[in-house]
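Read top to bottom, the protein sequences are chains A, B and C. Under the working numbering, the first sequence is numbered contiguously, ending at residue 1748. Under the working numbering, the second sequence is numbered contiguously, ending at residue 249. Under the working numbering, the third sequence is numbered contiguously, ending at residue 421.
Just so you know, nobody snuck in bad clues.
Take a look, some chain C residues computed to stay more than 12 Å from chain B by CB distance:
{"hint": "1", "residue": "23"}
{"hint": "2", "residue": "72"}
{"hint": "3", "residue": "81"}
{"hint": "4", "residue": "117"}
{"hint": "5", "residue": "124"}
{"hint": "6", "residue": "185"}
{"hint": "7", "residue": "311"}
{"hint": "8", "residue": "379"}
Derived coverage of chain A by chain C (criterion: at least 3 residues anywhere in the stretch with Cβ under 8 Å from a Cβ of chain C; other residues may be distant):
{"hint": "9", "stretch": "1580 to 1589"}
{"hint": "10", "stretch": "1685 to 1692"}
Calculated from the structure, these hints are not laboratory results. Think of the CB as a built atom: it goes at the ideal place given N, C-alpha and C, for glycine as much as any other residue.
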Amino acid sequence: MTCVPLLLGQMDQLVRSPLCWGIVLGATSLWLLLSGGSETLRGIGKLLGAISLLMLTATLMIVGDWSSQLVFWVLALITTGGAAAAITARSPVYTAIWFAVSLLGTAGLFLFQGAQFLGVATVVVYAGAIVVTFLFVLMLAQPEGHAPYDRISWSTFAVPTALVGAAAVIALVLTSLDGLRSSEPLTSPPQIATSQQHMAELGGHLFAYHLVSIEVIGTLLMVALVGAIAIVLHGRKSRPETAPDHPSRPTTDAGLPGGTP
Amino acid sequence: MQANDPAIKWVEEPQLGLGGKMYLPMFVQGLTTTVKHLANSLSGKAVTVSYPDEEPEIANPLIYRGVHRLNKDAQGRVKCVACFLCATACPAHCIDIVGTESPWPDREKYPQSFVIDELRCIYCGMCEEACPVDAVELTSLYNLTGRSREEMIFDKEKLLSVYDATKDAEPMKSASLGGTV
Amino acid sequence: MIEALVKIAILLGGLMTAAAYFVLLERRMAAWIQDRVGPNRVGIPLTKIRVLGLGQPLADGVKFITKEEYTPAHVDKRLYVLAPIVILVAALATFAVIPFGSMIPATVFGYRLAEKPIELVVAPGANVGMIYVFALSSIAVYGVILGGWASNNKYSFLGALRSSAQLIAYELPLGLGLLGVVLASGSMDLGVIIGSQASSGIWFAIAQPLGFCVFVVAAFAEAARLPFDLPECEQELVGGYHTEYSGIKLLLFLVAEFLHMIAASFLIVILFLGGWHFWGLTGGSAEIDGWGLAWSGAPWLQGLLRIVVLMTKITLVIVGFMIIRWSWPRFRFDQLMALAWKVMLPLGLINFVAVAMMQQLQAVFTGAMGPSWLMVPIAWGVAVAAWLGITWAAPMIADNRPRRELDPWEIDSQI
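Okay, chain A solo, but in the shape it has when bound (with noise of 0.2 Å):
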């Protein structure tokens, strides 16, 4: 709530702010790529949204040299662009692909930043398990995407939805902004990400400093399994209730060898 006093002061400062319109016109694109409208409509949304990142991009600051600066917004252009295809594309296969695309773009950043170990568990943690999995659930749901759940419209709700939410990143932003001006920028990564040995200092201070946490995550994760482990077993005891009663059902062993010959 407390947002809403300073939209309103910066109000002034919003109207005329690059960053304010690349966010209107980015969410004006996605809402037209989401509405599933005819092909036009779609070639407008993708062009919208071309020009709300060039906008955003405008609004960035410089983070170092020309070069890093380069690779930072291919990687941005990658991860962003990723993520909104991710939620626009028609089939669910595509979506899955632009998804692993956004982390791999994301991964990309990492590293840019000289986090490697961040970068490369990303790749292993969401690429590859998630979207194997998501992608296996996919296929064997639904390969066109007619499912019921996917024809059902959620359009009425959709407007008032991103309404709410594209205001409240405005503001955040808007907010954030501010701060992130004032202060110098980052030149250097921290020096732990960078150590020779920063997997061996992150292990180091995750077990050190935070053992409650990963310990509960631990339990959480085994609790998972034996509730998965538990719901496999309760629906194969269920199974013969369910299934239709034979009238062949043998009643009888007789002439069944293992007795006599």
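Chains B and C: place on chain A using the hints.
Only chains B and C this time, still in chain A's reference frame:
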């Protein structure tokens, strides 16, 4: 068929022994077999014959089914009596015989022309089986080639010349097998 | 920069040539094991000189490239093209962190190559080395699954599903087998892992036999080699996930598969078989110190010797891959999964716990980390005990006889 049909004979699978359960002895066993064959081949005992470079060795030429020949008797006459049994037996219909009256007193007919289409032939050896006088036989010549279809249609003269070419290496089977001379 | 580019060029050229010639070796080995001769007729082009069939890879390559590249009408074109690219990129990028030798001294024959000794790995000092390999192997699954899905063919799709299930299942034992090594050497950097084995003279295959078994089995499964080649078993799935591919795209898939096998061999050798180290030949220091070669006064000879030792080991492991291919029948899919979850996973966990305890004991009593001869008998004892335990529990022995007392509709739930 139901699972409890009395006609089904149920066989109990043998239980796995300790070696099978441990997996390692089986692994070593399989590996030994493979390595043995590998060593065999590497010491030059592969069964493959590099054909144009080396000729294959035909174990028993007498039962090999290659190019046909028309046998001759002791006087050098064609043995065939134009009975058409081979042409009748041939499943590929590749034998064409024109019979005519024999100029010799010991038989009624002889083939005026005897043609085998070697391209149609499937080398099953039925003609050889059917022949009552052991006139047509399959030799061990396996490398039969030709430049045209016409060349591969063997007439009487050509079939007789095959006999001349192979009679020393492969004498007629009939004598040893109790057939006609 | 130039140094890195030269290393990349050497690695790519070497890998592609190696993949081509390993295909030839694989065919010759297959032939020898089956008492045949194998491809021995292609020699130098336009002459009649046959040099043991060494021209065969060239002929194969030309054949693949000049064949008609047929794209069926029912495929998803974009993903169909993307899949082989993804799988090959992932397979090649894996080698960025894998060392292909030890070092070359900065000065060779009085000619100064670089400021400091050149490490023979494209990305030296990547201390996430092994996780990077894991990340790329999980990206390679995308190539398989996309290829299978985009082909819009049920055989391809089944192959892709089998492949992804298999790769996901076997990544766990692979990681567990690896964790023991990482614990004992204290790093994920492959160069450091070799150094730890070289300085102590104990290869991890000796120090952690159980981890070695688990890792090798999982590596076979990850490379989809027989007896784990279910994703493309011809009898059931025609060609598996690349059924619909032809021409150069098929070549990319096949090369990527061979690269997976080569990468698996590299990992087996580097993690468990001492990398470039051999007793009495190469010296134990990670640096080029001219050990044992003082008479020749040529430190580069030591660097060369280490490359030769590493390559020899890798070739031997690959030959092992090829012999095992013809020694074992393929697993059935339920056996494959049972092996992963009921045999290899527990064995990997036992190995992991045992290694952790031994390292801790060692640290308490001797104050030193890394492999030591003291722990080798204990490790072998643990390995034998764990193996016997698995034998006793026999989780792989499934009773596949039809259940006479069951109705057909019940049999489904028994499978």
